[in-house]
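With the hints as extra help, turn the sequences into a complete structure.
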Amino acid sequence: TEPFASEGFVLKTRGSGTPVSTLTPEAYFYAKFAVQAGHNHFVLKCRNFNGTNATYFKLTAIDENMNVVNISPSQVTADDWSNAKDGCVKFIHQRGSSSKPSEYATFQFDLSRFNGKDIFLSLGVYKGEDNGDENKLCIYSINLN
Numbered sequence: 001t002e003p004f005a006s007e008g009f010v011l012k013t014r015g016s017g018t019p020v021s022t023l024t025p026e027a028y029f030y031a032k033f034a035v036q037a038g039h040n041h042f043v044l045k046c047r048n049f050n051g052t053n054a055t056y057f058k059l060t061a062i063d064e065n066m067n068v069v070n071i072s073p074s075q076v077t078a079d080d081w082s083n084a085k086d087g088c089v090k091f092i093h094q095r096g097s098s099s100k101p102s103e104y105a106t107f108q109f110d111l112s113r114f115n116g117k118d119i120f121l122s123l124g125v126y127k128g129e130d131n132g133d134e135n136k137l138c139i140y141s142i143n144l145n
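Here the sequence shown is numbered in the numbering used here, starting from 1 and rising by one per residue.
FYI, nobody ran anything at the bench for these hints, they're computed from the structure.
We put the CB at the ideal spot given by N, CA and C, even for glycine.
Don't take each hint at face value.
[Unchecked claim] Simulated restraints on C-beta separations:
1. Asn50 / Thr24: 19 to 25 Å
2. Ser6 / Gly116: 35 to 41 Å
3. Thr52 / Leu23: 21 to 27 Å
4. Lys85 / Phe120: 21 to 27 Å
5. Gln108 / Gly15: 29 to 35 Å
6. Asn83 / Phe29: 17 to 23 Å
7. Val20 / Lys100: 31 to 37 Å
[Stated by the list, open to error] Listed next, the in silico DSBU-like pairs over lysine-lysine satisfying Cα-Cα at most 35 Å (straight line):
8. Lys32 / Lys100
9. Lys85 / Lys100
10. Lys32 / Lys117
11. Lys90 / Lys32
Here you go:
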């Protein structure tokens, strides 16, 4: 993890020789949110750094009864993306910078099924394929709106 990288907050996997897993994150963070109408869309603006090797990430919600739900994006603007194994998102998008924030990929997640509940949201990056590279998720911003 590189929280002070010049490009933004970076979560990354290890490189060559790392076991492939879409169940166990290589890096993650989490926070607790009170979800309610008008504040139930999680919007992630991000990029990766490789035009060949995809980055795998996952947004997971955990409610106070310990129910775990992997959430697929409801809207996406990214150069190349797809839903992947075990609730992961696989994507390639190299555009975006502090001087061009509109060029970052945007992933929007609908949290309306959790209206009126407190949930933990965990964002993790996964080693989705053995490509010999660190796979990085560079986060420009996260908004709950």
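### Message
So, against the hints stated earlier in the document, which numbers end up violated here?
### Response
none
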